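Chain by chain, the residues:
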Amino acid sequence: MTRDEAAEFLYREALHLDRREWDQWLALYAEDAVFWIPAWKSETEQTSDPDREMSLIYYEGRRNLEDRVFRIKSGQSPASTPLPRTVHAVTNVLITAREPHAVETSASWTVHRYDTRRKDAHVFFGLYEHRIERRDSEWLIARKKVLLMNDIVPSVLDVYAF
Amino acid sequence: MNEMRTIETISPIDSMIDAMIDDRPADGVFRLDRRMFTDPELFEAERRHVFEGGWVFLGLACEIPEAHDYFTRQIGRHPIVVMRDGSGSLGGFINSCPHKGSRVCQLAHGNSRLHVCPYHSWTFDSAGKNRGVKWKAAGAHAPAFDELSHDLRRLPAFAEHNGFLFGSLVGDVPPLSEHLGEAAKLLDLITEESPDGIELVPGSVAFTYHGNWKLQLENASDAYHFTSTHPSYLKVLELRAERPDDATPRSVWESDQPWSEEAAGVQGGSYSFDHGHVLNWGLIPASPAHPMYDRVEALGERLGPGKRDWIFNMRNLTVFPNMQIVESAASQLRIIRPIAPDMTEVTTWCFAPRGESAAARRQRIRSYEDFFNPTGMATPDDAACYENCQAGHASGLVGPLQGYSRGIAATKLGGNVFSDKLGMTPAANVLADSQLCDETLYHNYYRAWRTRMRAGVAREALA
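Those protein sequence lines, which keep their order, are chains A and B. Using numbering that gives the first Met the number 0, you'd call the opening residue of the first sequence number 0 and step up by one each time. Using numbering that gives the first Met the number 0, you'd call the opening residue of the second sequence number 0 and step up by one each time.
Simulated from the structure, these hints should not be mistaken for lab results. Small disclaimer: the values here were computed from a predicted structure and weren't measured. One should not assume that every hint holds.
Said to hold, decoys possible - Cβ-Cβ distance ranges computed for the label pairs, FRET-style:
no. : chain 1 : residue 1 : chain 2 : residue 2 : range
1   : B       : Glu459    : A       : Met148    : 38 to 44 Å
2   : B       : Ala462    : A       : Met148    : 23 to 29 Å
3   : A       : Lys72     : B       : Gly422    : 24 to 30 Å
4   : A       : Ser41     : B       : Gly354    : 34 to 40 Å
5   : B       : Ser101    : A       : Met148    : 23 to 29 Å
6   : B       : Arg76     : A       : Arg51     : 55 to 61 Å
7   : B       : Arg112    : A       : Arg51     : 39 to 45 Å
8   : A       : Ser41     : B       : Lys99     : 24 to 30 Å
9   : A       : Lys72     : B       : Ala358    : 39 to 45 Å
10  : A       : Ala120    : B       : Leu238    : 39 to 45 Å
No residue lacks a Cβ here, since even glycine has one placed at the ideal position from N, Cα and C.
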């Protein structure tokens with residue numbers, strides 16, 4: 000996977016989220032994928048051991064993302080009904096490691112979220128670290144780690160905004 | 000002159016305090032004026048009198064175990080630093096340099112023998128003592144300067160109960176033991192979850208919402224909202240039960256559903272304590288979904304069956320006005336901070352018994368994130384409802400609220416067979432079946448609110 004191809008892969012994930020193409024978004028993830036957003040433990044240091052320290056989200060297994068999508072679509076979550084609108088912008092994509100059947104990337108992201116209930120907007124921003132692996136004939140996300148820089152959560156922050 | 004003075008001190012707030020709460024126990028009436036959630040002047044007054052005018056929770060002693068450790072928090076609008084000095088004593092201070100007012104400690108927590116103000120280098124030790132006024136000798140001060148204390152200002156009241164630290168910006172408060180009263184036994188129960196006490200899981204998470212601080216205060220005590228606000232979470236638990244998978248987080252509610260109509264008999268209830276503290280609780284049997292299940296026998300041997308059973312029960316404790324401890328899906332400590340009539344910040348931590356197994360700790364953290372985090376599957380739904388309430392209250396001038404009525408006819412003074420197991424005598428209790436969902440415990444908040452507000456107004460009138 001070249002850097003251009005990696006960037007296109009990340010852009011596609013972002014677009015699926017912003018278009019609410021949930022099934023296509025989930026299909027980018029390996030069944031055993033890790034989805035991790037560490038919490039911060041000081042002004043400068045985020046947590047590093049999800050089994051002993053807090054994360055905002057830590058899931059092992061796509062199944063958990065499927066459950067999150069189920070909840071978002073259920074119509075029974077006040078935070079998700081109506082769903083906020085989002086636009087992701089992904090930049091500064093770099094390949095940080097390369098193996099025969101895997102690449103690791105870093106990228107910068109912003110997500111503009113428009114809360115249709117309150118009619119106001121918020122910008123979240125941070126860094127991505129993806130591990131993308133070739134599984135059979137497909138490139139799939141084996142791990143997505145998100146560093147959220149502005150981590151005081153304004154009411155609602157869900158998987159579609161990362 | 001005396002007459003003028005009287006007129007000046009009858010502020011609009013003074014007359015508003017009683018008008019906000021229509022509290023007539025003999026008639027079975029408790030109604031709340033919606034301006035409690037919206038009025039800017041009332042908000043300014045309650046920030047002074049409720050938060051800056053009495054005991055508030057600051058943090059845990061276990062956050063600063065070593066000499067010279069410190070953490071920073073706020074009381075109302077004021078930055079506070081809590082430090083452990085070189086001899087191991089804890090102290091609470093206004094985190095503001097007496098010279099020009101800059102915050103002295105900038106970080107959430109740390110360890111330092113000396114704290115140097117970043118603005119003009121006035122220096123303080125971990126007991127708050129001034130250890131240096133830069134270029135003092137050349138300063139050509141008048142003698143009057145030397146008569147002042149240059150130390151960090153000590154909180155007028157600061158005390159610890161069993162590792163829980165409280166402070167007050169006013170000195171005329173009852174002893175902490177009197178403020179906590181019988182509710183202290185619920186704090187003690189938490190520390191008994193391990194023979195070595197509790198600790199915070201590293202990493203705190205904070206969220207804000209566009210709503211009044213009392214919406215968070217009430218919600219932790221609100222058994223009535225659970226199946227209405229969180230059905231999506233409960234549906235996810237059903238999905239997980241249908242498709243079991245080791246990768247999914249556990250929840251105490253995955254098998255136990257005390258709200259169902261089939262759940263017969265007493266399922267929980269509420270306790271109200273003096274000074275505004277309340278507990279909303281539910282019977283939850285020990286099950287593998289609970290991170291302490293591997294210790295159920297050891298807990299029974301160490302504490303007896305009564306306390307052991309209470310440790311597995313759902314317990315939502317509020318220590319008025321700013322501390323909540325929620326033990327259900329996992330174990331959460333919250334500090335509520337009012338920012339504006341329609342803006343509140345809630346800072347949260349997962350706490351845990353020291354020495355639990357790595358598997359139990361992992362299970363606890365996963366359950367916590369899944370349910371409690373503002374990026375999880377329950378808290379955002381609460382926050383959205385707070386914001387919907389605030390939007391609904393709008394001006395506050397559209398009639399009183401009716402949400403303080405359930406349980407009035409079931410309220411009993413004193414304790415009951417369950418509080419007896421903790422040797423605890425609350426001021427009042429309600430025993431609830433699966434769907435009673437007591438709302439009288441909010442009365443206790445607002446009666447304490449009224450007491451603090453009246454005391455604050457009286458204090459200012461004397462000043």
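Hint check results:
| no. | hint | in the structure |
| --- | --- | --- |
| 1 | B/Glu459 / A/Met148: 38 to 44 Å | holds, 42 Å |
| 2 | B/Ala462 / A/Met148: 23 to 29 Å | violated, 44 Å |
| 3 | A/Lys72 / B/Gly422: 24 to 30 Å | violated, 49 Å |
| 4 | A/Ser41 / B/Gly354: 34 to 40 Å | violated, 24 Å |
| 5 | B/Ser101 / A/Met148: 23 to 29 Å | holds, 25 Å |
| 6 | B/Arg76 / A/Arg51: 55 to 61 Å | violated, 35 Å |
| 7 | B/Arg112 / A/Arg51: 39 to 45 Å | violated, 29 Å |
| 8 | A/Ser41 / B/Lys99: 24 to 30 Å | holds, 26 Å |
| 9 | A/Lys72 / B/Ala358: 39 to 45 Å | violated, 33 Å |
| 10 | A/Ala120 / B/Leu238: 39 to 45 Å | violated, 33 Å |
The structure shown violates the earlier hints numbered 2, 3, 4, 6, 7, 9, 10.
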